[in-house]
Amino acid sequence: MKIISGRMGAAALGVSLAFGAAAHAADIGIMSIQAMSGPYAFAGVSYANGIKLAVEQAEADHYLGDTNIKLQMEDNAGDKNQAINLANQAVRPDGPIIVLGPTTTVDTLAVAPVFNDNKTPLLSLATSSLSLETGPWIFNTEQNAGDLLPVLTHYLLTKTDLRKIAIIYDRSSDGYLEQRDTIAKTVKEGGGEIVASEAVTGTDTNFLPLVTKMMGVDIDAIYLAVTPEQGANLMIQFRQAGLPDKVHFMGGITLASPSIMEMAGQAAEGTYVIADYIAGVDRPVNKAFEEAFQKKFNAPVDQFAAVGYTMGKAALKAIKDAGAEPTREKVRDALLNIGSVPSPLGNGSWTHKDRHPHYGAIVTMIKDGKLSAIE
Amino acid sequence: MLLQQLLNGVVVGSVYAIFALGFTLLFGVNNILNMAHGSVFMWGAFAGLAAVTYFGPSFPLAVVVGMLAGGLLSVLLDIVAFRPLRRRKGADMSALLSSLGANLVLLSLAQNLSNTKVMRYPFGIFPIVNFQVFGLRIQLLQLVIPLICIVMVAALVFLLYRTGLGRRIRSVAFSESTSRLLGINSEWVNAQVFFMSGALAGLAGVLIGIAFNSVHYHMGEPFLLKAFVVIILGGLGSIPGALVAGVVIGTIETLTISYVSSAAADGITFAVLFLIILIRPTGLFGKASTVMRVQRQ
Numbered sequence: 001m002k003i004i005s006g007r008m009g010a011a012a013l014g015v016s017l018a019f020g021a022a023a024h025a026a027d028i029g030i031m032s033i034q035a036m037s038g039p040y041a042f043a044g045v046s047y048a049n050g051i052k053l054a055v056e057q058a059e060a061d062h063y064l065g066d067t068n069i070k071l072q073m074e075d076n077a078g079d080k081n082q083a084i085n086l087a088n089q090a091v092r093p094d095g096p097i098i099v100l101g102p103t104t105t106v107d108t109l110a111v112a113p114v115f116n117d118n119k120t121p122l123l124s125l126a127t128s129s130l131s132l133e134t135g136p137w138i139f140n141t142e143q144n145a146g147d148l149l150p151v152l153t154h155y156l157l158t159k160t161d162l163r164k165i166a167i168i169y170d171r172s173s174d175g176y177l178e179q180r181d182t183i184a185k186t187v188k189e190g191g192g193e194i195v196a197s198e199a200v201t202g203t204d205t206n207f208l209p210l211v212t213k214m215m216g217v218d219i220d221a222i223y224l225a226v227t228p229e230q231g232a233n234l235m236i237q238f239r240q241a242g243l244p245d246k247v248h249f250m251g252g253i254t255l256a257s258p259s260i261m262e263m264a265g266q267a268a269e270g271t272y273v274i275a276d277y278i279a280g281v282d283r284p285v286n287k288a289f290e291e292a293f294q295k296k297f298n299a300p301v302d303q304f305a306a307v308g309y310t311m312g313k314a315a316l317k318a319i320k321d322a323g324a325e326p327t328r329e330k331v332r333d334a335l336l337n338i339g340s341v342p343s344p345l346g347n348g349s350w351t352h353k354d355r356h357p358h359y360g361a362i363v364t365m366i367k368d369g370k371l372s373a374i375e
Numbered sequence: 001m002l003l004q005q006l007l008n009g010v011v012v013g014s015v016y017a018i019f020a021l022g023f024t025l026l027f028g029v030n031n032i033l034n035m036a037h038g039s040v041f042m043w044g045a046f047a048g049l050a051a052v053t054y055f056g057p058s059f060p061l062a063v064v065v066g067m068l069a070g071g072l073l074s075v076l077l078d079i080v081a082f083r084p085l086r087r088r089k090g091a092d093m094s095a096l097l098s099s100l101g102a103n104l105v106l107l108s109l110a111q112n113l114s115n116t117k118v119m120r121y122p123f124g125i126f127p128i129v130n131f132q133v134f135g136l137r138i139q140l141l142q143l144v145i146p147l148i149c150i151v152m153v154a155a156l157v158f159l160l161y162r163t164g165l166g167r168r169i170r171s172v173a174f175s176e177s178t179s180r181l182l183g184i185n186s187e188w189v190n191a192q193v194f195f196m197s198g199a200l201a202g203l204a205g206v207l208i209g210i211a212f213n214s215v216h217y218h219m220g221e222p223f224l225l226k227a228f229v230v231i232i233l234g235g236l237g238s239i240p241g242a243l244v245a246g247v248v249i250g251t252i253e254t255l256t257i258s259y260v261s262s263a264a265a266d267g268i269t270f271a272v273l274f275l276i277i278l279i280r281p282t283g284l285f286g287k288a289s290t291v292m293r294v295q296r297q
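For the protein sequence lines, the chains are W and C, in the order given. If you read the first sequence in my numbering, its first letter stands for residue 1, the second for the next number, and so on. If you read the second sequence in my numbering, its first letter stands for residue 1, the second for the next number, and so on.
No wet-lab data here; the hints were simulated from the structure. Among the hints, erroneous ones may be present.
[To be verified] Selected chain C positions facing chain W (Cβ under 8 Å, derived; list incomplete): (1) Asn8; (2) Gln111; (3) Leu113; (4) Arg120; (5) Pro222.
On a predicted model such as this, the values are computed, not experimentally measured, just so you know. Here a beta-carbon is modelled for each residue, glycine too, at the ideal position from N, C-alpha and C.
Model the full structure from these sequences, guided by the hints.
See below:
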């Protein structure tokens with residue numbers, strides 16, 4: 001466990017010790033549960049960094065007045081049992097006022113009942129609407145496959161000649177299964193054809209058998225519902241096996257990651273990606289976020305960091321809107337009526353309807369090693 | 001497609017075999033199921049990658065550095081995690097638990113070092129050369145990997161059964177205390193066995209990293225599970241058994257992905273394992289290879 005509290009440090013600790021309970025009365029707890037280790041750490045670490053940045057900026061700007069924000073960063077290593085243990089700690093009466101995470105949909109579905117039953121608001125990262133069915137204390141931060149993929153398939157089926165689509169999906173994640181089902185449904189409804197559907201697991205690296213099998217199928221495009229690293233690896237192994245350039249790869253938001261371009265190199269060129277964030281958009285909120293992130297972490301910004309940052313901002317706004325003495329119930333009510341939150345995502349404004357987020361999407365293509373918006 | 005998939009199966013099976021050779025060697029001599037073997041494999045791949053990143057892309061350099069790093073790390077593991085237990089005559093289970101702990105430490109270090117990122121060997125480290133033979137598309141690396149595997153098995157068998165070091169290893173495997181009475185420095189022999197085991201893991205790590213374009217701190221875990229299957233199927237401690245079982249597992253897995261379903265590959269692989277163990281509880285080479293086995297009595 002790591003607790004970060006801006007403006008605290010040794011001086012604040014001294015004040016806290018001197019004034020005892022009075023100083024603690026102004027503390028507000030936020031807990032982040034992320035997969036900061038394990039196979040999903042590629043996303044969890046970025047989400048956590050985005051949240052950290054949002055909280056530190058709020059502290060620096062005295063966003064909540066004299067109130068100290070105690071950000072508690074927890075690592076569940078992408079393990080739902082650990083996530084449940086952390087959730088049980090979080091819902092104690094003296095626990096945080098709001099919880100952000102966990103990283104994966106699987107973990108979210110496991111912890112959502114704990115938070116809902118104990119009336120603790122959870123701003124989740126689930127990319128499945130199933131999480132919302134748990135109850136009114138659960139909010140989603142990220143748009144799901146049903147929001148994003150129809151935009152991509154509509155573009156491809158109306159603006160390109162791609163019709164025969166194969167799908168490769170990670171069967172160990174509900175989010176990727178939802179991508180598989182959505183892409184299959186929207187392609188069929190749009191007049192396309194699903195010619196193959198093959199599963200991998202999150203730790204697979206040897207795709208030769210799969211590649212050989214799919215090379216024997218007449219394909220226009222291959223949809224990859226996998227992590228960016230696996231996506232890059234699949235692209236390389238397909239191209240090395242002789243997949244012609246006329247066959248395009250396509251993917252959801254998980255492929256809108258700089259690591260795809262970095263790892264796959266030339267093999268990724270021409271990939272269609274539906275993105276909720278691309279770097280370098282000429283918008284004040286994006287510029288400020290990217291500069292601050294790179295300055296603090298000395299690492300390239302990705303969409304996970306942008307989502308984490310947005311999630312942190314939304315949580316902070318809800319706490320502020322909840323008034324001088326916020327409670328979990330007041331924060332939940334404030335979240336329900338949050339309006340819009342400036343965000344580097346999509347169209348620049350995060351909002352939600354019935355706890356389901358909306359912020360738009362961008363159809364992009366990987367050209368010359370970077371994502372370029374095409375619609 | 002069948003021939004192409006058989007070739008794929010032999011290639012991946014060869015890597016399973018190289019990985020499992022070190023695992024089974026250690027079990028045969030020291031009776032240790034080294035749960036940190038996957039981490040040694042991963043650190044071998046990391047070291048090879050670091051070398052080529054620093055000195056430029058070179059396949060032989062990656063292999064040599066990966067093997068050296070794996071070997072040295074394995075010796076260090078012996079000194080820190082296993083030797084103290086041997087001296088105190090700890091139960092076999094204590095070595096297993098010690099290796100689990102060492103594995104977590106190595107994983108954690110690698111995670112911090114790599115910042116959880118998936119890395120890859122640079123393009124061009126191994127020439128992408130394709131041959132078309134009877135409709136088969138064969139990459140040069142697909143020929144080199146099985147060849148390396150065969151050379152490694154032959155070298156290991158030669159070393160164990162045709163050299164003085166091999167005699168000392170077999171003597172220590174038979175009885176460490178008797179070997180000491182005969183004047184054999186058993187700790188030095190153990191260190192050499194750990195080095196060989198780690199070097200084989202490091203070699204497998206480099207080959208996998210190059211062949212499958214992926215080097216990350218978690219890469220050893222799935223291979224460790226496969227290595228269990230391979231050494232049980234091949235017969236615990238059997239070197240030729242590891243080779244045959246590695247290729248059998250690789251081929252079954254590949255054909256399952258191709259002709260049944262990719263989602264069923266692991267299930268069918270383990271079902272075959274259960275079936276073979278039901279028929280031959282000692283594995284495919286459990287009895288036939290008694291002479292070849294290096295096993296502690």
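Outcome of the hint check:
1. Asn8: With a closest approach of 4 Å, the Asn8(C) hint holds.
2. Gln111: holds (6 Å)
3. Leu113: violated (13 Å)
4. Arg120: Because about 5 Å separates Arg120(C) from the closest Cβ in chain W, which is inside the 8 Å limit, the hint holds.
5. Pro222: holds (5 Å)
Taken one by one, the earlier hints fail for this structure only at number 3.
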